[in-house]
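Counting in numbering that gives the first Met the number 0, the sequence shown runs from 0 upward without gaps.
Quick caveat, the hints were computed from the structure, so don't treat them as lab data. By construction, the Cβ of each residue, glycine as well, lies at the ideal position given by its N, Cα and C atoms.
Per label pair, the in silico range of CB-to-CB distance:
hint : residue 1 : residue 2 : range
1    : Val95     : Ala23     : 28 to 36 Å
2    : Ala19     : Glu101    : 42 to 50 Å
3    : Asp79     : Ala24     : 23 to 31 Å
4    : Asp47     : Val69     : 17 to 25 Å
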Amino acid sequence: MECQNQGMTPVGGALEVPGAVAAAALDRLRRAVADLDAVVVAFSGGADSALLAAICHEQLGDAAVAVTAVSPSLAGAELDDCARLTSSWGMTWERVDTLEMESAAYRPWHLERSSDRGHPLILAFHVTTG
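Whole structure, please, built from the sequences with the hints as guidance.
Right, here's the structure in full:
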């Protein structure tokens, strides 16, 4: 398996990222976020969204808000983790109650899946500034 990514090599099915490559990627992310006026991060509490939320808060302070979709498919412990993490960072966090269980298209998929992670819920946020 040939890896086309900057210095990353496959290791046991995953990519090993040298420290310099990871540092450069984080630097690019920080610069991109710093160019924004404000941001709302869809925050599941997982590693990816936690990293993004932390960097957005680091770069934008109060102009960064983390938002977690809350429904019966979200484990209570995960919701607690979201609240605890954002609180420890001093980041504004909001929960948004969703209604996907009321959707006939969602319910059969939800009942058949083997895990409560990664549901195909798409949220649209309209952010206004005053």
